[in-house]
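A.B. asks: According to the numbering used here, the sequence shown holds residues 2 to 340 in order.
Be careful, since some hints might not be right.
[To be verified] Restraint ranges, calculated between C-beta atoms of paired labels, are given here: (1) Gly-137 to Tyr-175: 38 to 46 Å; (2) Cys-286 to Glu-247: 37 to 45 Å; (3) Pro-205 to Phe-234: 27 to 35 Å; (4) Gly-59 to Ile-226: 37 to 45 Å; (5) His-279 to Val-202: 51 to 59 Å; (6) Lys-86 to Val-155: 20 to 28 Å; (7) Ala-307 to Glu-247: 17 to 25 Å; (8) Ser-317 to Cys-286: 37 to 45 Å; (9) Pro-309 to Ala-113: 20 to 28 Å; (10) Val-276 to Leu-51: 18 to 26 Å.
None of these hints come from the bench; they were simulated from the model.
The beta carbon of each residue, even a glycine, is placed where N, CA and C say it ideally should be.
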Amino acid sequence: MQDSVQALHSRHLTYRCTLATSRIFLEWISFMACFLACLGLPVNAGAASLPGTVRVDGVLMTGRTTNTTTFDGGTSRLRWPIDVKTPGLGMNLGLLDCMDLDLSVVAEPWGANNSPMLDCDYLDEAEYAGRQPHAGVDIASTTELDSKALVMAVSSRIFPVRRGALSAGISLGYRHEEYDYRGFNTSQTGYGPWASSSAVVDGPSTLYSVDYDIFSAGIALKSAIEDGIEITFEVLALPYVCASDEDDHLRRNRVTRTSSTGSGYQTSVRGSFTVTDHWVLASECAYARIATDGHQTQYWYGDDPATPGFNDTGYSLSGIDAELDLKTFRVAIGLERRF
2 MQDSVQALHS RHLTYRCTLA TSRIFLEWIS FMACFLACLG LPVNAGAASL PGTVRVDGVL
62 MTGRTTNTTT FDGGTSRLRW PIDVKTPGLG MNLGLLDCMD LDLSVVAEPW GANNSPMLDC
122 DYLDEAEYAG RQPHAGVDIA STTELDSKAL VMAVSSRIFP VRRGALSAGI SLGYRHEEYD
182 YRGFNTSQTG YGPWASSSAV VDGPSTLYSV DYDIFSAGIA LKSAIEDGIE ITFEVLALPY
242 VCASDEDDHL RRNRVTRTSS TGSGYQTSVR GSFTVTDHWV LASECAYARI ATDGHQTQYW
302 YGDDPATPGF NDTGYSLSGI DAELDLKTFR VAIGLERRF
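Please take these sequences and the hints and turn them into a complete structure.
C.D. replies: Shown next, in the form of structure tokens:
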């Protein structure tokens with residue numbers, strides 16, 4: 002029975018990875034086709050064409066996504082680093098004289114992450130027989146990572162108010178962010194009454210994925226400083242964020258799934274400089290913070306080596322308090338072509 006459960010779980014992982022890879026590939030192909038088609042348009046394509054730009058960016062994004070789980074015996078906090086360095090593609094369309102629509106995609110394939118995952122456990126010794134009280138982190142571990150990322154966004158800005166070179170309006174948008182990790186080579190350190198928990202374990206240890214669906218609304222200000230130079234500043238509320246993750250603890254034969262909702266905020270500034278009638282240099286910086294709250298379920302698809310004498314296969318827990326938080330800082334520098 003246990004072998005069949007583990008085989009089913011293995012097939013599920015293979016299917017999930019294949020599906021995710023295929024989806025990213027198709028998204029890239031579709032967007033690249035549109036991008037190259039627009040890049041090949043003549044600048045004076047005709048009055049029926051929508052004015053706009055296509056762009057290629059170099060994107061640097063840092064930050065972390067955090068899962069915090071609270072249970073009877075304490076709190077566990079896992080910090081997964083975001084370390085993205087990859088090209089991005091974008092398109093901006095002028096729908097009306099005072100309105101634009103922006104589409105963008107950033108996709109980074111699997112590669113080594115420069116930072117490890119940090120797992121900190123704050124345990125309540127009163128729940129564990131023979132443990133003396135201890136303040137602070139009780140067990141901390143680091144795990145080396147490979148990671149990949151996918152960020153897709155659509156937004157629209159409307160500028161109904163204009164005073165000279167300054168325009169003011171609103172910004173509405175939706176963004177999907179997806180981060181995947183493969184963890185291996187874990188180093189664990191126990192403190193105080195948990196010193197005996199120290200260990201180093203080589204080899205694969207975890208597969209983790211997290212998704213954020215983010216809706217935004219806020220204020221946008223745009224100013225033409227002088228001929229060819231334009232600055233846009235946005236302050237956005239993220240009133241509704243839906244987050245979910247899945248963590249497969251390979252050495253524990255256990256998978257955890259978290260679903261949560263919450264909110265956040267984002268600020269950004271963008272500058273552009275017109276080089277010629279056709280080409281524009283642009284850069285952007287954006288900072289975002291998100292906090293969500295929800296619940297976690299845990300399921301053992303095999304026997305857990307950490308609980309000798311008890312076969313955990315098929316055992317599950319639900320309704321565990323959990324939080325998913327996201328903090329990112331993004332810098333993009335690129336070249337745009339008008340059409």
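A.B. asks: Mind listing which of the numbered hints don't hold for this structure, in increasing order?
C.D. replies: 2, 3, 4, 9
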